[in-house]
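Sequences are here, hints too, so could you generate the full structure?
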Amino acid sequence: MSNDSKIRGSSFPTTQMSAIVGLRSDDLSLRFQAAELMAAVYWKPIYKYIRLKWNKSSDDAKDLTQGFFTRALEKDFFRSYDPSRARFRTFLRACVDGFVSNEEKAAHRVKRGGDCPIESVDFNSAEMEIEFSELPESSSMEDYFYREWIRSLFSMAVDILRQECASAGKTTQFEVFERYDLNEEGATGKKTYEAIASEVGIPVSQVTNYLAYARREFRRIVLEKLRELTASDEEFRNEARWVLGANLK
Amino acid sequence: MNWLNDEMVNHLREVSALPDLSGTPYRILRSLASGGMATVYLAEDAKLSRQVALKIMDVLAPSNEMASRMQTEARIIARLEHPGIVPIHDVGSLPDGRVFYVMKYVHGDDLTKYARKEGSLPERLRVFLKVCEAVAFAHAHGVIHRDLKPANIMVGAFGEVLVMDWGVAKILLTGDEGTQLSGDPYFQGEEGKATADETRLQPPGEIPAVPFVETLSGTVLGTPSYMAPEQALGQTSNHNQSTDVYSLGAILYFLLTHRHPHEGASIGQIRERFLRKQVLRPRDVVSNIPRPLEAVCMKSLATDPLDRYSKVEDLEADIEAYLSDLAVSAYRENVLEKAGRWFNRYRFIVLLLFAYMFVRFLVFFLARR
Ligand SMILES: Nc1ncnc2c1ncn2[C@@H]1O[C@H](COP(=O)(O)OP(=O)(O)OP(=O)(O)O)[C@@H](O)[C@H]1O
Ligand SMILES: [Mg+2]
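Protein sequence lines, in the order shown, are assigned to chains U and X. Everything in the first sequence is counted per my numbering, starting at 9 for the first residue and increasing by one. Everything in the second sequence is counted per my numbering, starting at 11 for the first residue and increasing by one.
Hints are computed from structural coordinates only; laboratory data are not their basis.
A few chain U residues that don't get close to chain X, going by computed Cβ distances all over 12 Å: (1) D35; (2) Q41; (3) G75; (4) S88; (5) A174; (6) S175; (7) A176.
Selected chain X positions facing chain U (Cβ under 8 Å, derived; list incomplete): (8) L22; (9) A27; (10) P105.
Heads up, the beta-carbon is just placed ideally off N, CA and C, and yes, glycines get one too.
As structure tokens, this is what we get:
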């Protein structure tokens, strides 16, 4: 929801193709695109995770996050990923841990050159979010990483929804969604449909329709992103159920 | 700061999970239960302003097989019109492709809850008989349920007993069985592909009949606790009526002991028991269970399908026999037990006889004085 949507908008060329598959491509430019897409959703969770789990300063965490994504471009980095054995996000988290602990062991960290798919992200926004949220228990860092991943995925979907609504001339639909569903106080501070109708200047019955439209689009976008961020049909379905499933706490 | 805080994320998760029923006459009131693949909601039908139960598949972006499986489930229920099978009203799909169907809302409890409450043994057995009747009816129409367990059976407020959740049912196309359903072109499966004597409703491998497989999400498909060994061991080809007989036996076991036959056992242990053909006897759990009922249970739970009752009707007959103090086919009783049963059955006559003899005795002695 900040201005780091420059890279967020990019989506993998062949629609519905998996970026996870692209990461293992022989073609560097394909790998770069895939890494960009993956980084768009993962850089923030990874940065926060490195900061908190590995107790790094914001500068070190920033270097490590960038270093991680630069490494990720190397052809063999994701070779060992076996979609039938683990979800990608689980595998990725293990990679981050491996990467950070290796970097710690190396006496002199070599500042490496090469392309980095997250040149332009706004690390300050991630810092602010850490400051404004409850810190996780050290025992639940894994859950923390996944929660942040959902947060990042949803933020991205909201950004895309905003853009799409704007270009489709449906800004009012987005506004209704923003006022009702993106309410800071959560469910407790919910405005009534009547209040929103008068604020936005539409009939109450339209509020229902607009909200239904925006939620439907939001869900569609989330699912599209998930499709790109998973390696197999089964993983996609499991993640969809986990992220948007009915029986979640 | 402009970001999604925890409340917003949770709220978005919730509203995105709610099915979008715009364009249908149904409005969701609350969720009733969530199972393996679907969630059941209490909903309002605006057309008739009545409450209904709405079952919607959970999987967002379902594959075609999944969608058609749900559709098939709806059609099976629609064709099985019986007081023991939940009536269905409607079937449809959401804008996102998820299939749902609408059925009668049953006011009541599932069998798990029912069994926790009071209820004498004969009452429980009568409920069990009703389950058997519904299953026998389905079998007569060539449908086997394959997921019979207490959670899939409901006892309504009027004492009606309903078999639910026909999500993994299978149609048999053998001989004269299933004439009604299998005569229906819909149930021929993919045209021309009806191999040998049966057609699966689902493509092989799609059915959660292999419970020992852990999915990516770590959940175990299916419930080995009530599942026949041939199902649990993943032999999908040889399921027939006796598969349901096994599950009925496990339900009877539960009604008698409040436990399922594999309570507390790990999946590995269950598998081991199947391979060794071991079954924990009900009387080892609750010692005062009548032996004939234990025998009925054990016969239904036989590891080898050929050792079970071959038809649900035979199981039913044994329970009915037990309830009327008749001999149970599954149990060879000793002389004492036979006498006891006779006494029970003819208690009235026997007591009358005793009373008569006692009076004669008294009269005899009084007259001698
Ligand atoms: N018609 C109904 N009326 C009231 N409650 C119902 C009704 N249908 C289902 N339920 C409740 O929902 C629970 C789950 O229903 P059901 O077994 O059909 O779905 P499921 O287990 O989610 O599906 P599946 O096993 O196919 O994934 C039942 O145990 C019961 O408590
Ligand atoms: Mg069920």
